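**Q** Line order of the protein sequences matches chains Z and H.
Quick note, the first sequence lines up with residues 3 to 274 if you use my numbering.
Quick note, the second sequence lines up with residues 8 to 267 if you use my numbering.
By construction, these hints were calculated from the structure, which means they are not laboratory data.
Values in this document were obtained by computation on a predicted structure and should not be read as measured data.
Glycine residues also receive a C-beta, built at the ideal position from the N, C-alpha and C atoms.
Among the clues, some could well be false.
The list that follows gives simulated cross-link-like pairs (lysine-lysine, DSS-like), each with its CA atoms no further than 30 Å apart [as the list claims (entries may be wrong)]:
#1 K201(H) x K136(Z)
#2 K150(Z) x K136(Z)
#3 K263(H) x K200(H)
#4 K114(Z) x K171(Z)
#5 K166(Z) x K102(H)
#6 K73(Z) x K17(H)
#7 K114(Z) x K17(H)
#8 K73(Z) x K70(H)
#9 K9(H) x K73(Z)
#10 K136(Z) x K263(H)
#11 K99(Z) x K231(H)
#12 K73(Z) x K150(Z)
#13 K96(Z) x K58(Z)
#14 K102(H) x K5(Z)
#15 K231(H) x K136(Z)
#16 K9(H) x K150(Z)
#17 K166(Z) x K99(Z)
#18 K136(Z) x K70(H)
#19 K58(Z) x K9(H)
#20 K73(Z) x K201(H)
#21 K99(Z) x K263(H)
#22 K39(Z) x K114(Z)
#23 K96(Z) x K73(Z)
#24 K73(Z) x K166(Z)
#25 K150(Z) x K201(H)
#26 K99(Z) x K39(Z)
#27 K73(Z) x K263(H)
Chain Z is faced by these chain H residues, among others (derived, beta-carbon under 8 Å) [what the hints assert, rightly or not]:
#28 H74
#29 T78
#30 G147
#31 T243
One-letter residues, chain by chain:
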Amino acid sequence: MIKVNNLTFSYPGQHGLLFDGFNLTLQENRVYGLLGKNGTGKSTLLYLLSGLLRPKGGTVDVDGFTPHLRKAEMLQELFIVPEEYDLPAVPLSKYVKLTAPFYPRFSHEVLKTCLAEFEMEGNPNLGRLSMGQKKKVYMSLAMAAGTKLLLMDEPTNGLDIPSKSQFRKVVAQQMGEGRTLIISTHQVHDVETLLDHVLILNQRELLLDSSVDDLTSRYSFGIRMPGDMDGVLYAEPSLQGNITMALRKADEPESLLNLELLFNAVTKGLVK
Amino acid sequence: MKRFDLRRFKNVIAYDFTTGLQPMLWFSLGMVIVYLLLFGLFHNMHDAMGAATPPEMNEFLMKAIIHETTTAAIYAAYLFVLGASCTIFRGAQRKAPRTVLLTLPASNAEKFLSRWVYLVVFSLLGSIGAFVVADLLHAGWMAVTGNPTILATRYFFDLIPNLERDRTYDVISYYALMLTLHSFCLMCSVLFKKYHLVATFVVGLLLLTVLNHLLRRLLTPESKEPVLIGLMAVCTVVFSALAYRLFCRWQVVTRKFVNL
């Protein structure tokens with residue numbers, strides 16, 4: 003379990019706090035979507051959870067560990083796929099051989115499956131891969147590492163259209179029991195079918211912390227004509243009519259979550 | 008919870024050496040070229056001074072060239088070792104490689120020590136290993152061109168103080184100074200984010216000026232040597248401890264020029 007308590011943080015040399023008295027609790031076995039406007043601290047939060055940044059005040063607890071102390075026992079249960087990353091110019095098999103011993107549950111079988119899903123074949127030299135290909139390798143390694151906590155910062159940036167669906171398939175297949183995934187992204191449509199829980203971050207506070215089940219039971223998402231806007235909380239015009247988010251009626255079937263609409267409604271203060 | 012696990016440490020060593028093999032080989036190759044250029048320079052200088060041209064070169068002239076080259080080479084080797092110490096963490100100053108380094112599942116002690124081992128091997132390879140290779144190449148070329156063949160490596164090692172030949176204080180002072188400089192450069196490598204060589208040189212110069220100013224008043228000719236050796240030992244420990252402490256506190260985003 004992850005517990006962030008009264009967190010205070012600002013970047014070195016920067017005036018003003020990015021987080022001030024921030025609290026958050028995350029449960030195991032879930033896929034969290036971390037959303038927020040630019041500069042609201044999504045990546046920062048991931049860095050704080052993975053020990054890459056040190057809080058100024060408050061506590062961060064990841065399964066009983068203080069992340070910024072970077073204990074090996076904590077790091078072997080955590081894998082972060084950052085937005086910017088580096089892979090050395092060595093053949094993939096060599097890199098796997100170097101990395102795998104660090105993770106007690108590393109699975110070569112999972113790695114093989116993920117790479118095959120991403121259509122990455124052979125034993126390429128990592129230094130010669132494109133950014134998108136590197137990302138696929140990195141995400142395959144992340145999945146194969148078998149860590150309890152997996153953090154992904156903008157995982158679909160740089161992926162082409164088929165790769166985005168491959169990514170969803172890989173995550174859906176490999177997110178087994180005991181694993182928690184936190185995806186920070188702006189590409190909401192790329193991940194909305196994967197999520198169990200939505201977190202919307204605004205400067206210094208959490209605007210929304212709700213499960214997808216809860217959201218789809220409370221709200222309905224669909225397209226309505228301008229004359230049929232009863233109970234609509236938020237709408238955006240489209241060529242087909244208005245895309246709407248409304249309070250769900252008791253007899254109404256549940257609809258698929260429209261994350262973009264939800265995000266806009268929440269950040270405009272229309273939904274809490 | 009183990010702060011230092013030997014099996015994990017071996018894994019970090021394997022990781023550092025495999026991912027760092029290319030720069031190590033390139034820099035060592037660069038040093039081979041530097042040493043060969045030094046050989047070439049002193050050959051050329053003796054030719055320019057009107058001495059015998061290489062085919063008629065006698066053994067005496069050859070020894071002079073070897074001697075001058077090794078003297079210059081040992082300074083180049085020192086500069087290389089200090090430069091390597093200053094820049095050993097340069098590769099981890101960008102966000103991406105730093106993220107990989109900091110999240111690698113090993114303790115800070117294992118990662119730091121592994122880098123240090125890498126640095127020692129890197130330094131030995133680039134300073135001594137590269138000189139031996141350059142010397143062999145030079146000797147081979149001399150042999151092919153029918154000149155006297157004298158290996159310079161023995162002279163190179165003679166320039167490094169040792170207890171069999173030199174005064175004990177001199178030897179201890181020499182190694183104490185080397186360790187102090189090495190630990191200072193290592194600390195600067197962890198502290199500075201950019202311009203490592205310049206920043207290390209400037210801070211080192213300032214520190215030396217201050218120390219010189221303070222010590223000149225305090226030291227007598229009798230107390231000079233033991234006090235200086237003691238001071239260097241203390242500095243080595245302090246710089247190394249600071250380097251490790253700073254490394255443990257590294258974050259992925261820090262100030263522009265220093266990792267604070």
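**Q** Taking the hints in turn, state whether each one holds.
**A** Consistency of the hints with the structure:
As the CA atoms of K201(H) and K136(Z) are separated by approximately 27 Å, the hinted pair is consistent with the 30 Å bound. Between K150(Z) and K136(Z) the alpha-carbon distance is near 23 Å, which keeps this suggested pair within the 30 Å criterion. A hinted pair counts as satisfied when its Cα atoms are at most 30 Å apart, and K263(H) with K200(H) qualifies at roughly 7 Å. For the hint pairing K114(Z) with K171(Z), the CA-to-CA distance comes to about 14 Å; that is within 30 Å, so the pair holds.
Proximity of K166(Z) to K102(H) is assessed by CA-CA distance (about 25 Å); at most 30 Å being required, the pair is judged to hold. For the hint pairing K73(Z) with K17(H), the CA-to-CA distance comes to about 17 Å; that is within 30 Å, so the pair holds. At roughly 26 Å between alpha-carbon atoms, K114(Z) and K17(H) fall within 30 Å of each other, so this suggested pair holds. For the proposed pair K73(Z) and K70(H), the alpha carbon gap of about 56 Å is over 30 Å, so the pair is violated.
Pair hint K9(H) plus K73(Z) holds up; C-alpha atoms about 9 Å apart against a cutoff of 30 Å. The straight-line distance between the Cα atoms of K136(Z) and K263(H) is roughly 28 Å, inside the 30 Å bound, and the hint therefore holds. For the given pair, K99(Z) sits about 54 Å from K231(H) by alpha-carbon distance, which is inconsistent with the 30 Å threshold. Proposed proximity of K73(Z) and K150(Z) is supported: the alpha carbons are some 15 Å apart, at most 30 Å.
A distance of roughly 39 Å separates the Cα atoms of K96(Z) and K58(Z); the hinted pair therefore is violated under the 30 Å criterion. Using a Cα cut-off of 30 Å, the hinted pair K102(H) and K5(Z) holds, with the two alpha carbons roughly 26 Å apart. At most 30 Å may separate the alpha-carbon atoms for a hinted pair to count; K231(H) and K136(Z) exceed this at roughly 58 Å. Distance hint between K9(H) and K150(Z) is fulfilled; the C-alpha atoms sit about 20 Å from each other, no more than 30 Å.
With a CA separation close to 27 Å, the supplied pair K166(Z) and K99(Z) stays within the 30 Å bound. Using a Cα cut-off of 30 Å, the hinted pair K136(Z) and K70(H) is violated, with the two alpha carbons roughly 55 Å apart. The hinted pair formed by K58(Z) and K9(H) meets the criterion: a straight-line CA distance of about 27 Å does not exceed 30 Å. The hinted pair formed by K73(Z) and K201(H) meets the criterion: a straight-line CA distance of about 28 Å does not exceed 30 Å.
With a C-alpha separation of about 35 Å, the suggested pairing of K99(Z) with K263(H) is violated against the 30 Å cut-off. Between K39(Z) and K114(Z) the CA atoms are separated by roughly 36 Å; this puts the pair beyond 30 Å, and the hint is violated. Between K96(Z) and K73(Z) the CA atoms are separated by roughly 25 Å; this keeps the pair inside 30 Å, and the hint holds. At roughly 33 Å between alpha-carbon atoms, K73(Z) and K166(Z) are farther apart than 30 Å, so this suggested pair is violated.
Our distance criterion of 30 Å between C-alpha atoms is broken by K150(Z) and K201(H), whose separation comes to about 36 Å. Using a Cα cut-off of 30 Å, the hinted pair K99(Z) and K39(Z) is violated, with the two alpha carbons roughly 39 Å apart. The straight-line distance between the Cα atoms of K73(Z) and K263(H) is roughly 27 Å, inside the 30 Å bound, and the hint therefore holds. With a cut of 8 Å, the hint placing H74(H) at the interface with chain Z is violated, because the nearest CB-to-CB distance is about 41 Å.
The interface hint given for T78(H) is broken, as the beta carbon of that residue sits about 38 Å from the closest beta carbon of chain Z, more than 8 Å. For the restraint placing G147(H) at the interface with chain Z, the shortest Cβ-Cβ distance is roughly 32 Å, beyond the 8 Å limit, so the hint is violated. Hint on T243(H) is violated. Least Cβ distance to chain Z is approximately 26 Å, over the 8 Å limit.
Comparing the model with each earlier hint shows violations of hints 8, 11, 13, 15, 18, 21, 22, 24, 25, 26, 28, 29, 30, 31; every other hint is respected.
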